[in-house]
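Undergrad: For the sequence shown, position 85 (counting from the first letter as 1) is numbered 85 according to the UniProt record's numbering, and the numbering increases by one without interruption.
What the hints contain is simulated information worked out from the structure, not anything from laboratory work.
Since the structure is predicted, the reported quantities are computational estimates derived from the model, not experimental observations.
Below, computed lysine-lysine pairings styled on DSBU-like, alpha-carbon distance capped at 30 Å:
(1) K26 - K2
(2) K59 - K48
(3) K48 - K103
(4) K59 - K26
(5) K26 - K48
(6) K103 - K2
(7) K103 - K26
(8) K48 - K136
(9) K59 - K2
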Amino acid sequence: MKSPYSISGIADEAASSIAVQIATHKAIGLSHIELRSVDGSPIDALGKSEVSALIARIKQADFVVDCLDSRIGNWSRTVEYPLDDELAEIDRLANICHALGCKSVRIMSYSRGTFSAHDWQERAIERLFVFVNRAKEHGIMLLHENCDGFAGRSPSDTLRMLRIVDSTNLRLLFDTGNGLAYGYDALAFLRPIVDFVDHVHIKDGMKCGGEVTYCRAGCGHAGVAACLALLFSSGYRGVFSVEPHLAVLPHAGRADPENDRRIGLYTECAVSAGDLVRDVWHGITQHV
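Work out the full structure, taking the sequences as your base and the hints as a guide.
TA: Pasting the structure below:
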């Protein structure tokens, strides 16, 4: 029987090259993939020939691309970042989406920088209106992640963003492990927003003395199993994408060399995450 959900993974956590990214996912038995970078370059920064080669490899491997992870509004940018550059990113990513049959692009809502809380929020929302309108023109969905950014700080801020922007082209990406780094309980964050979640990142870790050490899903302090149970109970039947953060830490600028250890860590985490999702799903369905 076909599963009502899909297991995917952020491919560059396994390896830098797209060939090894694809081979690793095939070896795990996955047919879904999430794209963030290739050979160290963000997807939107690839040249035309690199994009063509990427698309050819993905199609040849017959993979489903669930989401493109953009840098738009991410932790490395403030609302002073050139708006036209980010609109151009959306245009490039939309073209890649159409070529791959992908519908979703991950965004965030900016680091605060030196702005007041009010200016940060207002300027970020102004930009989100522009981005959502451009996404609508392209026929793609923007997925806001609960990461660094004004709308990622709390569920109330997330709901405020959704209420003000008020577009069917803006939904949510929920990461189970981001609360460890940003100081909130994942399950408490998820409860009020669960009905707006269209994509899930699976991440877990342990926090000690202000430091987060990442680990296999279900072995840490993020409450991953409880989040999965809430998602399933609320009707979520989408993608669960593995993001271990063991060999790759984007915020810290760290990416281990592409080797058997990196691939092995990713494989172990992807398999255990898939097992955890399956076990939670079976536990939920047995009680229905």
